[in-house]
Amino acid sequence: MLTNEIIQQQLTEKFGALVYNFEEPYGMLTFVTDRDNNLKVMNFLKESEGLGFNFLNDLTAVHYPDQIGKELAVVYMLQNIQAGLRIRFKVFTDITNPDVFTATGIFETANWLEREAYDFFGVNFVGHPNLIRIMNVEEMDYHPLRKEYPLEDQTRIDKDDDMFGR
Amino acid sequence: MSQKQNIQLPEGSLGKQTTTLNLGPTHPATHGVFQNILEMDGERIIDAVPTIGFIHRAFEKIAEHRPYYQITPLTDRLNYCSSPINNMGWHMTVEKLIHAELPKRVEYLRVIIMELSRIADHLVCNSVIGVDTGAFTGFIYVFELRELIYEIFEEVCGSRLTTNIGRIGGFERNFSELAFQKIDHFLSVFPKAMKEFETLFNRNRIFMERTMGVGGIAAERALNYGFTGPNLRATGIDYDIRTAHPYSGYQDFDFSVPVGTTGDVYDRYLVRNAEIWESISIITQAVKKIKDLDPSVFHADIPDFYLPEKADVYSKMEALIYHFKIVMGETAIPAGEVYHSVEGGNGELGFYLISDGGRSPYRLHFRRPCFIYYQAYPEIIKGSMLSDAVVTMSSLNLIAGEIDA
Numbered sequence: 001m002l003t004n005e006i007i008q009q010q011l012t013e014k015f016g017a018l019v020y021n022f023e024e025p026y027g028m029l030t031f032v033t034d035r036d037n038n039l040k041v042m043n044f045l046k047e048s049e050g051l052g053f054n055f056l057n058d059l060t061a062v063h064y065p066d067q068i069g070k071e072l073a074v075v076y077m078l079q080n081i082q083a084g085l086r087i088r089f090k091v092f093t094d095i096t097n098p099d100v101f102t103a104t105g106i107f108e109t110a111n112w113l114e115r116e117a118y119d120f121f122g123v124n125f126v127g128h129p130n131l132i133r134i135m136n137v138e139e140m141d142y143h144p145l146r147k148e149y150p151l152e153d154q155t156r157i158d159k160d161d162d163m164f165g166r
Numbered sequence: 001m002s003q004k005q006n007i008q009l010p011e012g013s014l015g016k017q018t019t020t021l022n023l024g025p026t027h028p029a030t031h032g033v034f035q036n037i038l039e040m041d042g043e044r045i046i047d048a049v050p051t052i053g054f055i056h057r058a059f060e061k062i063a064e065h066r067p068y069y070q071i072t073p074l075t076d077r078l079n080y081c082s083s084p085i086n087n088m089g090w091h092m093t094v095e096k097l098i099h100a101e102l103p104k105r106v107e108y109l110r111v112i113i114m115e116l117s118r119i120a121d122h123l124v125c126n127s128v129i130g131v132d133t134g135a136f137t138g139f140i141y142v143f144e145l146r147e148l149i150y151e152i153f154e155e156v157c158g159s160r161l162t163t164n165i166g167r168i169g170g171f172e173r174n175f176s177e178l179a180f181q182k183i184d185h186f187l188s189v190f191p192k193a194m195k196e197f198e199t200l201f202n203r204n205r206i207f208m209e210r211t212m213g214v215g216g217i218a219a220e221r222a223l224n225y226g227f228t229g230p231n232l233r234a235t236g237i238d239y240d241i242r243t244a245h246p247y248s249g250y251q252d253f254d255f256s257v258p259v260g261t262t263g264d265v266y267d268r269y270l271v272r273n274a275e276i277w278e279s280i281s282i283i284t285q286a287v288k289k290i291k292d293l294d295p296s297v298f299h300a301d302i303p304d305f306y307l308p309e310k311a312d313v314y315s316k317m318e319a320l321i322y323h324f325k326i327v328m329g330e331t332a333i334p335a336g337e338v339y340h341s342v343e344g345g346n347g348e349l350g351f352y353l354i355s356d357g358g359r360s361p362y363r364l365h366f367r368r369p370c371f372i373y374y375q376a377y378p379e380i381i382k383g384s385m386l387s388d389a390v391v392t393m394s395s396l397n398l399i400a401g402e403i404d405a
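So the protein sequences, as listed, match chains A and B.
Residue numbering for the first sequence is 1 to 166, as defined by our numbering.
Residue numbering for the second sequence is 1 to 405, as defined by our numbering.
A couple of the hints might just be wrong.
Which stretches of chain B does chain A cover? Using the computed rule of at least three CB atoms under 8 Å from a CB of chain A, they are [stated by the list, open to error]:
(1) 52-59
(2) 136-150
(3) 220-234
(4) 239-245
(5) 329-339
(6) 349-361
Hints are computed from structural coordinates only; laboratory data are not their basis.
Glycine included, each C-beta is placed from N, C-alpha and C at the ideal position.
Modelling step: build the complete structure from the supplied sequences, incorporating the hints.
Here it is in structure tokens:
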């Protein structure tokens, strides 16, 4: 029976101090690894005997403007379908140099999810086959889900828009 | 010729042996805003590039500026064929965050509503496969039945398509007697009509020829592409959130998870039909279970999060205070990160919520099933005919609102 303790033990055995900050919010094992290390950890979780996290459930990014030097977090969530167990790991990166290796070589799922994270947060996935915006227009020159961009002021009156009325 | 050419052809397009064809974004056969730039060799597709984002509404950004209870209407507009599932998935995510325990009756009422919307979702998808193979009749038949389901929603929450049904902690009001009558009526007429629908398609020669062996995907590739829901189960993997990570009391019900073998359009169709039968059985069980429970319970006892009855707000001090606190975002919400997923109409609908204790989420990410598996579309239609591409698209149950969020 696969449990969070066994996974944590196997990870620390393999990676030592490169995986850290283990916690279990609401029952899901969560840890942090260095950004150069994300693919090694993911491959280990996927291929290693007895772990079998063969399903990338979700991939997204989070912006923490107050954490200087590691403003952007990329969050991976994997699942072992047979055991019905999910785990989550994060890598933090600098916002001025947001390079993270792409997971597209391991999971096809990552392709669009990484494009989404790039589009909204500007994470540069190194090695991604087609890293272009997915939801927003190509001409957009900022990454809208970063915290410094507010929603449009609902009371603004300088906009003349006959079509949508304001 | 010195005359200026006013049509700029792309480099190399004159000597090219293949044809570029735009399927969509507003093509009637795509059932939504989907664009695919197809590279055709005669009738065969050799490459496809899907473009999405035409109806992107920035729900994740808006959600960061809204209190928790105001995010429910945003989830309506994800998979609008089965809004109640999205609504309840969101309620359950917040309930998980605040450690709320729900009474059994509320959970079962939710199961009834969720299974009804699953039936509605599958009916639309399966009948649209029929439309794309040239059989309009089935589509017309089942819409009469979907209407019955929408009438139940209307009776419970007042609206039909974008339902905004329920609240954090339960339902906004108790189910009326009429609602139960409508559910009973639906359960009595639906099985017969469903059999009729199946008779129309299941062994129909034209339908089988058009769908068997079309748009198939192997189980391993499907997993790698992040398929979930009926599309994954059609490949033979019995991954269903309702059994793998039970929520809302699904562990109390007796049902099976139908699977297919080849993962083609026909198998997806069969899996969905089989799921409809399971849903009917779940609803029947839930209606029976509810009869033994206290009929006055329709929400959890969490006054800090569940909006009090409006009449009480005007007449009772306590209700007024709670109302004020909830609306102004003064209730203490625990900080933490939580992931909760429900089995949506087309796959695993997940909510990844990070709370910093404020009145709105710090970050909310929707794991939209069809956004994730739509990227497999080029691979599964490569080498097939144009007409097969259309059938494949409708069999994947792609909902533009969910893809674009």
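A quick look at each hint next to the structure:
Counting residues of the segment 52-59 of chain B whose beta carbon lies closer than 8 Å to any beta carbon of chain A gives 4, which meets the minimum of three for the stated coverage. Counting residues of the segment 136-150 of chain B whose C-beta sits closer than 8 Å to any C-beta of chain A gives 0, which falls short of three, so the coverage hint is violated. Counting residues of the segment 220-234 of chain B whose beta carbon lies closer than 8 Å to any beta carbon of chain A gives 5, which meets the minimum of three for the stated coverage. Counting residues of the segment 239-245 of chain B whose CB lies closer than 8 Å to any CB of chain A gives 3, which reaches the minimum of 3, so the coverage claim holds.
Requiring three or more residues with a Cβ within less than 8 Å of a Cβ of chain A, the coverage given for the segment 329-339 of chain B holds, as 4 such residues are present. Using a Cβ-Cβ cut-off of 8 Å, 3 residues of the segment 349-361 of chain B lie near chain A, which meets the minimum of three, so the contact claim holds.
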